[in-house]
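Colleague: Listed below, chain by chain, are the residues.
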Amino acid sequence: MEVSDSFYALVETVCRDLYIKSLKEIPPDVVESIKRAAAKETKEVAKRIFSHYLRSIELGKKENMMVCQDTGIPIYWVKIGGKLRLDGSKLEQAIIRGTERATREHPLRSSIVSPLKRENRQTSTGDHIPIIHYEFIADSDVLDILFMPKGSGSENMSFMKMLVPADGINGIKKFVLENVVGAGAKPCPPMVVGVGIGGSSDLCMTLAKKATSRPVGSQNPDPQIAALEAELCDAINQTGLGPQGLGGDTTALGVHIESAWTHITCNPVAVNIQCWRAERRRAIITPDGKVEEGF
Amino acid sequence: MAEFRFKTPLTEADVRQLKIGDSVLLDGVIFGVRDGNLIRVFDKNVAPPCDWKGAALLHTAPNVRKIGPGKYEPICVGTTTSMRMDRFTEGLLRDYGVRAILGKGGLSQNSAALMKQYGAVYLSVTGGAAAMETLQIEEIEKVYWEDLMPECIWQIRFKGLGPMTVGIDAHGGNLQADVQQQAKDKAAEILKKMGITS
Ligand code: SF4
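Chains as they are written, first to last, in numbering that gives the first Met the number 0: chain A, 0 to 294; chain B, 0 to 197.
A couple of the hints might just be wrong.
[Stated by the list, open to error] In the BS3-like style, the derived pairs of lysine-lysine whose C-alpha atoms are separated by at most 27 Å in a straight line are:
1) B:K183 x A:K172
2) B:K43 x B:K183
3) A:K78 x A:K61
4) B:K65 x A:K61
5) B:K52 x B:K141
6) B:K183 x A:K42
7) A:K60 x A:K23
8) A:K46 x B:K6
9) A:K172 x B:K6
10) A:K172 x B:K191
11) A:K172 x B:K185
[Unchecked claim] Simulated restraints, written as ranges between beta carbons of each label pair:
12) B:D184 x A:K61: 55 to 61 Å
13) A:D138 x B:E188: 48 to 54 Å
14) A:Y133 x B:K70: 39 to 45 Å
15) B:P68 x A:K82: 53 to 59 Å
16) B:E145 x A:I168: 52 to 58 Å
17) B:K43 x A:Q92: 35 to 41 Å
18) A:P164 x B:E188: 24 to 30 Å
19) A:H262 x B:G159: 53 to 59 Å
Because the hints were derived from the structure by calculation, they are not lab data. Positions of the beta carbon are idealized from the N, C-alpha and C atoms, including for glycine.
Could you put together the complete structure from these sequences and hints?
Modeller: What follows is the structure, encoded as structure tokens:
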């Protein structure tokens with residue numbers, strides 16, 4: 000179905016709203032897992048930290064406040080229905096304008112700078128920012144946009160290694176566990192640990208990031224990978240890092256793994272961490288302009 | 000684990016009482032600092048335009064709204080990862096007399112040794128819980144170095160900032176580093192149990 004020009008204007012306002020709302024309403028699956036972790040926590044300091052998390056979640060929802068100050072790197076995961084006829088470059092411009100409008104109109108802190116001069120346009124945009132990933136979905140006629148304002152405390156805790164086939168699954172387990180513990184308090188634990196396995200180096204890292212966008216506690220459909228997720232999550236929680244790395248029973252809310260096939264000589268693994276607020280927000284737009292919001 | 004409440008500026012006696020794990024509330028002026036402004040102070044040798052004797056410095060990341068020349072109100076003010084600013088600890092304590100560094104994620108053992116030497120503490124703010132922190136602000140009194148926006152120096156008056164957890168005390172204790180070391184030991188043990196040694 001061919002979309003009209005008003006469709007792109009709609010995408011623009013939807014993207015603006017996704018940015019702002021994602022900073023204020025923590026996804027329900029994240030809230031539930033924080034509540035569960037708080038309820039079973041045994042350490043006093045950790046209990047206090049959880050109470051601060053829950054209070055901020057509540058302020059976000061009830062008082063319309065930003066839960067965390069970090070407006071992050073704006074990242075969009077866009078799924079385009081195969082039956083949707085649209086102009087890709089107009090779509091991209093609408094997403095960029097929506098990002099800029101959120102920054103100006105709310106206003107939000109622009110966290111984006113050029114890499115060497117550290118120049119800030121105060122728009123949350125710049126070369127290749129926002130980051131937009133595209134995927135095409137057969138038999139669908141909707142545009143599905145998932146937005147993440149990726150906080151830097153956790154983004155700075157990203158790790159990638161080209162393991163070799165002889166390192167096997169054990170090499171993957173060791174890499175994940177050691178890097179999560181090495182990240183320590185910096186990514187604001189308890190965290191969602193995204194793991195990418197396979198692919199090329201760049202795809203592997205993208206898979207790790209994509210894994211963090213899944214609802215907390217969801218499982219990979221492949222039973223072997225799902226078992227690895229559970230085993231790693233359990234191992235991480237035994238380390239006792241706890242909320243803010245001050246010690247406690249829950250360090251990971253979940254471990255999510257996404258995979259791709261790879262080269263015969265490769266065994267890549269990547270870790271990308273999402274902090275406790277694990278913010279994301281989704282909008283599904285139909286060709287006639289109906290918007291359904293979700294997470 | 001004792002509970003404390005102080006008004007800034009802090010004295011050496013104030014901070015020497017604290018032990019890791021204690022909880023602290025702060026009232027009064029706290030200075031917001033971070034990468035950009037500390038790089039200017041220490042790497043470009045520009046003296047800070049405010050008095051940091053006895054000061055509490057917060058590793059901060061503000062979202063603000065401009066309401067007049069040099070005047071801002073908070074939208075969302077939170078705390079950023081401290082380790083990036085670890086190398087500035089010595090200068091802050093030795094040259095400017097800072098008594099407390101507030102941030103998230105902890106500082107190094109080297110910073111802990113300096114805090115013992117000079118009489119200062121690291122207070123761990125709950126990262127990500129910026130909504131709560133923002134409501135503890137009474138006023139953004141002044142902003143220095145606006146050209147660095149948002150990495151200016153922010154002079155913020157708080158009422159009851161916290162409760163924060165003493166992460167590093169003035170006696171050499173470093174809670175986040177201890178917890179991380181224990182976690183590393185535990186991880187090695189888990190890997191061994193999984194039969195992964197090399
Ligand atoms: S690590 Fe995440 S939760 Fe913590 S301050 Fe940064 S963005 Fe916020």
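Colleague: Work down the list of hints and note, for each, if the structure agrees.
Modeller: Status of each hint after checking the structure:
{"no.": "1", "hint": "B:K183 x A:K172", "verdict": "14 Å, holds"}
{"no.": "2", "hint": "B:K43 x B:K183", "verdict": "37 Å, violated"}
{"no.": "3", "hint": "A:K78 x A:K61", "verdict": "31 Å, violated"}
{"no.": "4", "hint": "B:K65 x A:K61", "verdict": "24 Å, holds"}
{"no.": "5", "hint": "B:K52 x B:K141", "verdict": "17 Å, holds"}
{"no.": "6", "hint": "B:K183 x A:K42", "verdict": "19 Å, holds"}
{"no.": "7", "hint": "A:K60 x A:K23", "verdict": "6 Å, holds"}
{"no.": "8", "hint": "A:K46 x B:K6", "verdict": "26 Å, holds"}
{"no.": "9", "hint": "A:K172 x B:K6", "verdict": "48 Å, violated"}
{"no.": "10", "hint": "A:K172 x B:K191", "verdict": "12 Å, holds"}
{"no.": "11", "hint": "A:K172 x B:K185", "verdict": "14 Å, holds"}
{"no.": "12", "hint": "B:D184 x A:K61: 55 to 61 Å", "verdict": "42 Å, violated"}
{"no.": "13", "hint": "A:D138 x B:E188: 48 to 54 Å", "verdict": "50 Å, holds"}
{"no.": "14", "hint": "A:Y133 x B:K70: 39 to 45 Å", "verdict": "43 Å, holds"}
{"no.": "15", "hint": "B:P68 x A:K82: 53 to 59 Å", "verdict": "54 Å, holds"}
{"no.": "16", "hint": "B:E145 x A:I168: 52 to 58 Å", "verdict": "53 Å, holds"}
{"no.": "17", "hint": "B:K43 x A:Q92: 35 to 41 Å", "verdict": "39 Å, holds"}
{"no.": "18", "hint": "A:P164 x B:E188: 24 to 30 Å", "verdict": "27 Å, holds"}
{"no.": "19", "hint": "A:H262 x B:G159: 53 to 59 Å", "verdict": "57 Å, holds"}
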